[in-house]
Structures are given as C-alpha cells and as structure tokens.
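There are 2 protein chains.
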Amino acid sequence: MIRKIIIALIACSAFASLATQYPITIAIHGGAGTIDKNKMTAAMQVKYKSKLKEAVDKGYAVMEKGGTSQQAVIAAIQVLEDSPLFNAGRGAVYTFEGEHELDASIMYGKTLNAGAVAGVKQVKSPIALAEQVMENSVHVLLSGQGAEEFAKRQGIELVENSYFDTKKRYESLLKAKKKIAEKLAKSKSIKAAYQQLDVKYKYGTVGAVALDQYGDLTAGTSTGGMTAKRFGRIGDSPIIGAGTYANNDSCAVSATGHGEYFIRYHVAADICARMQYQGISLQDAADTVINKVLVKAGGSGGIIAVDRQGNIAMPFNSSGMYRASRKQGESAVVKIFKE
Amino acid sequence: MIRKIIIALIACSAFASLATQYPITIAIHGGAGTIDKNKMTAAMQVKYKSKLKEAVDKGYAVMEKGGTSQQAVIAAIQVLEDSPLFNAGRGAVYTFEGEHELDASIMYGKTLNAGAVAGVKQVKSPIALAEQVMENSVHVLLSGQGAEEFAKRQGIELVENSYFDTKKRYESLLKAKKKIAEKLAKSKSIKAAYQQLDVKYKYGTVGAVALDQYGDLTAGTSTGGMTAKRFGRIGDSPIIGAGTYANNDSCAVSATGHGEYFIRYHVAADICARMQYQGISLQDAADTVINKVLVKAGGSGGIIAVDRQGNIAMPFNSSGMYRASRKQGESAVVKIFKE
Chain W
1 MIRKIIIALI
11 ACSAFASLAT
21 QYPITIAIHG
31 GAGTIDKNKM
41 TAAMQVKYKS
51 KLKEAVDKGY
61 AVMEKGGTSQ
71 QAVIAAIQVL
81 EDSPLFNAGR
91 GAVYTFEGEH
101 ELDASIMYGK
111 TLNAGAVAGV
121 KQVKSPIALA
131 EQVMENSVHV
141 LLSGQGAEEF
151 AKRQGIELVE
161 NSYFDTKKRY
171 ESLLKAKKKI
181 AEKLAKSKSI
191 KAAYQQLDVK
201 YKYGTVGAVA
211 LDQYGDLTAG
221 TSTGGMTAKR
231 FGRIGDSPII
241 GAGTYANNDS
251 CAVSATGHGE
261 YFIRYHVAAD
271 ICARMQYQGI
281 SLQDAADTVI
291 NKVLVKAGGS
301 GGIIAVDRQG
311 NIAMPFNSSG
321 MYRASRKQGE
331 SAVVKIFKE
Chain E
1 MIRKIIIALI
11 ACSAFASLAT
21 QYPITIAIHG
31 GAGTIDKNKM
41 TAAMQVKYKS
51 KLKEAVDKGY
61 AVMEKGGTSQ
71 QAVIAAIQVL
81 EDSPLFNAGR
91 GAVYTFEGEH
101 ELDASIMYGK
111 TLNAGAVAGV
121 KQVKSPIALA
131 EQVMENSVHV
141 LLSGQGAEEF
151 AKRQGIELVE
161 NSYFDTKKRY
171 ESLLKAKKKI
181 AEKLAKSKSI
191 KAAYQQLDVK
201 YKYGTVGAVA
211 LDQYGDLTAG
221 TSTGGMTAKR
231 FGRIGDSPII
241 GAGTYANNDS
251 CAVSATGHGE
261 YFIRYHVAAD
271 ICARMQYQGI
281 SLQDAADTVI
291 NKVLVKAGGS
301 GGIIAVDRQG
311 NIAMPFNSSG
321 MYRASRKQGE
331 SAVVKIFKE
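Chain order of the listed sequences is W and E. Numbering of the first sequence is given in this note's numbering, commencing with residue 1 and proceeding in unit increments. Numbering of the second sequence is given in this note's numbering, commencing with residue 1 and proceeding in unit increments.
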C-alpha cells in the first residue's frame, strides 16, 4: 500500500513538473537601421554573427542550468555591452560634446518590477545598474550623477568615460557634427539640422527577451543613444513601456530604432496591450505596431519579443536588424538582413 | 438660381460646422494623496478650490475664444505652477540635497507629438519648456542641464532655484529627512527608509486634459516630484505613456500618484489602450486601471481623463484628489474629497 502511494506521489510530482515546465526561449538584438548589405563584407558579417551567437548561447545556457529569464537577459546583454561592435557599453556612440552617456532598463514580467538608468557616464555595464535599481531602490528610473552615486553604493563596477572610446564611433561623431554644421550654416534650425541626419546616427541598441522554465518573462535594453545627441536627450531605451516592457500576462519586448517614435507610440507596452486586450497573437501584435503603425508615422526600427508559450517575434521595418534567437532543444538562429 | 445656390452653400457650411464642432471640455488636477478631511480647515479648502476654479476657467476661456486644447492645457497648468499651493513650479518640493528639480510633459492627441523635461532647476514654467521640446526639437525628452541649455536658446523664462523655496515644503523636507535618518539608524537599507515614508511625501503633481472644438485632445502634467528624492530620480510625470498620454483615437490622460507604480503600469497609455482595444468606455477603462489594477499592486493615486465625446473621468484610489472640470455651456465643478 505504502509503495503504491509513493509511486502515485512520484508520478504526480513528475506530472506537475511537466505541467509547469515552460519551453526556455531567448531572443536578442544588436540594433536595427540602415545596414547596407553591399557595403558589409562577408568577414564583418561573420564577426557580428559570431558575437550575436555567443550572446544568445550564453543567455540560453543560464536558463538551461535552471537560471531565471532575468539572469539570462543580463548575461546576454553583457556580452553585447562588452563588445565594441554594438552601440551599448564598450561601443557606445559619442554625444555632441564628445562624451558617452549610456541608458538601460530591465523589467521582470512576473512582478512587473522594473529598473532603469539614463545618462550614466562611468558605469561599465548599464544593464547591471538597471537591475540594481529594480532590486535595491524604491525608484524605477535614476539619471545622471545621481544614478552613479547609487552605483557606487551598490558596488557596481565603474570605469573612466574614455573606456567607451572607439575610433569608429569617433569618426561617426565627426561626420555627424560636420553635417549638422553645414545645415546650420544655411538655417538656424537645430531641429532641421538633426532631422537631415541619416538614421544610422540615430540607431543602435542592444536588448534581450527571455522565457524561463518557470514561465517568467524578462526584457532588457541597453544603449549609448544617438550620435551627437545634445541637451541631455533621453531616448526610448530607459523608458519602461517604450523601449522595454515585460508582463507574464502578455509578452516581453525590447526595442531598437528611432527612439522618439518609440516613446510617442509607447511601442513595447503597446505590443503587450494589443496581445492582451485584442486577443491576437504575439506575431500579429508586433507586426501591426512595427510594420503598420510605425511605418505610417515614419518611425523606423524593430523589436524582439517572446511570449509565455515560447513564441518569438522579431519584426523590423529597416533594412536590417542584428538578431539571434534560440528555442529549447534547438540551436541558435542568427540573422542580420531580411530573409 | 444663384440665390438658391448661395442658400444651399450657407446651409451646407453651417451643417459642416455643426458636424465638426466638438463640445469643449477641460479637466485639471492638483495632486492626489492623503488629504486629511479633518485636518483641512474650511479656509484652506476655499483657498485650494478657488485656485483650481481659476485654473480650469482660464483653460476653458482659451478654448471658448477658439484656442486649441494645447493652449488651454498650458494656460491651466501655468496657473497651478504659479501657485505655491501645489507641488509644481512655484510650490515644488525639495530634493534630499535641498534643491528643487522639476519635471513636465505634454502630448497632443492629433499628431501624437510629445515633449517632456526632467530635472530642470531654473525653469519657471516646466510645462512651457515641455511644449518647446515638442514644437522645436527633434527629441521628446530632455533632462538636466542640457534641458536648461535648450530653454535658454528658446527664450524660456529662467529663475533662480530659490524662486521655488517655500517654508511649508522646507518643513516637509526636514520631517522626511528625519524619518529617513531614524530608519537608517536601525537598518542600512535606503530602500526600506524610503518605503516607510508616508505617501504625502511621494505625491503632488498638477495636470490638465482638454478637448477643443476641433476635436483634438491634449494632456499635460507638471511636478516638483517626490520630497527628499535622490539619485536623479525621475518619476512618471515626464514619462510619455506613464504620467501623460493623448491620442485622438482614444483619450487624453494626466496622472498623479506614486510615480513608480504609474511607470511600471504605464497608466496613462494603458487607459487609452483599454478604451481603444477593448471598446470600453473612458470611465470603465479609467476605473479598471485606478481602482482594480493599481489597488491590487499597491499603487495609490489618480488620473483625470477626457475623450473625444467630451466625457470626463477622474477616478482616484487615495483619500482625496484636488480636481476641477468644466463642460461646454456649464460652469466649473471643483472637488477635493470623494463625494
């Protein structure tokens, strides 16, 4: 009799474990924009793809070992932050004044807790600081020197601002400033001078979204912002609802693109809202916002998203988006252009 | 024959004018929170109500003379910013360091254009600067010194930070710091020290929403933030989607309350999204978010909202919310407590 009960209990717990097991899933992006297929050498493509694969595999491995989607998102983003290839962390673009000001945010879909930082200059991993804000402060969004003072208290690694210097980004700044100066010589409108800048100066972000075996979603985004940005400009990346959103009732989204449009159309939260309130699929919600609403408004970029069933959506309305994804039991899929 | 055509044309244009005429409507708030009915003297209530009436009437008058909802929202908010009674502009609370850092945002529902500023110290009317960001910059959100540099270029009125000093708010800072220090003496957790602070230290905002005769919605919000705030904390007021949202397809919303919850639940945009995607009324959407979603999460505060039919919703889950509204052909209604 006791043996039968034990067998029943084991069977029952195995069933319960199966029933609550979600398919671990991760998707990442390294920015969207005018990635010119003809100008990008095969060697460069290999370089980008290899780093994207490393990041998505690292995040996946965290969850495979029982880690949470939050840990996976942090791990994947830090690989991209540490690489000079992407506009986040190490490869951050320059502000108009020749410095680097970084933004990041993270949101946990189980609790709707969130943390974000804007305009930090000395934090090696802005996504790690955003996580600290989420876990250990009563606030959601900290900015500037204040955010760095908080970073010091939390023992977050600080670096000199010059740590983020790269030759490639500096050349981009010089080109952007030249274009702005030329335009300003003809018209006094700073607005017009910035509007004519190619979207390649306005883009570049990294992000990750993940679903862990416990059924919890997380989204995170990190960026150096817009080349030659001025006036303490804050883009969509540290704005919960715009660049990042996660809710276990719908999905987790990380965005990349022309930030001002992503704020005005609160893109990340809107995709979640459409899914939840209209009862449509993740793919349909994401496609509608990126390829209809944003295209009509003139806002370019893309998003990565995952839902609780492990569905992935990665629409973008620009020529390319650095991206990778991995589903349970499968190997990583890495892409740059439309295919 | 010509006479008949002229009569037909006049009739037709009168009909078109009638058909496109929307009922001008405005609602404002001066903050929500623990407004203690027993501690508030009749004289104080008269003082608050009189200023709220002045603000709502001023905004209404702008639209009655043919002005837009955008002009009405600015006019109404500036009356509240100029009054020391409310935590915005003149009556802004103090930061932990004993300064004032102001935030504001505005959004125009016809174009979904938006502008916002965070952490400005010398701008007399933050809502006026937010409007300049919307109209004359390529960005949506500017912060700190950069935002002030932009203000100078746009000819926005600057004042010394001491312009915002008031005895009442300074006493609140001293009380809040004492409570924080007492808690920190027992535990090192800054998070816990701030969590125990009464909500009265976390509240106070002003805002306005309006519908003009052209059928266009605008929402705006302005605040001094949270008493004793630190680390460059940014609340929900300058966050498009959280503290402010406007879309002619749904509604215009301005929020006031514990900002961190309003960011995580992207309250303003969520009310618009529920209305648009679920096809429910403004009142139902607003009630659900404020009295169900936020109450369940533990987030207190309220919102004011108006839709394109001139419906007004003003739910709050705190003990009171300073508020006023006025509909076409009616006089102003001003309230503080639940009635």
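Take these hints with a grain of salt, some might be off.
Treat identical chains as interchangeable: a pair holds within one or across any two.
Below are the PhoX-like pairs computed for lysine-lysine, each with C-alpha atoms no more than 20 Å apart in a straight line [claimed, not checked]:
| no. | residue 1 | residue 2 |
| --- | --- | --- |
| 1 | K335 | K168 |
| 2 | K327 | K152 |
| 3 | K175 | K47 |
| 4 | K186 | K37 |
| 5 | K188 | K152 |
| 6 | K327 | K175 |
| 7 | K65 | K53 |
| 8 | K168 | K110 |
| 9 | K175 | K39 |
| 10 | K110 | K296 |
Hints were generated in silico from the structure; no laboratory data involved.
Verification of the hints:
no., hint, in the structure
1, K335 <-> K168, "neither (23 Å within a copy, 59 Å between copies)"
2, K327 <-> K152, "neither (37 Å within a copy, 52 Å between copies)"
3, K175 <-> K47, "neither (24 Å within a copy, 57 Å between copies)"
4, K186 <-> K37, "neither (33 Å within a copy, 61 Å between copies)"
5, K188 <-> K152, "between (41 Å within a copy, 15 Å between copies)"
6, K327 <-> K175, "neither (41 Å within a copy, 53 Å between copies)"
7, K65 <-> K53, "within (18 Å within a copy, 61 Å between copies)"
8, K168 <-> K110, "neither (40 Å within a copy, 40 Å between copies)"
9, K175 <-> K39, "within (18 Å within a copy, 62 Å between copies)"
10, K110 <-> K296, "between (33 Å within a copy, 14 Å between copies)"
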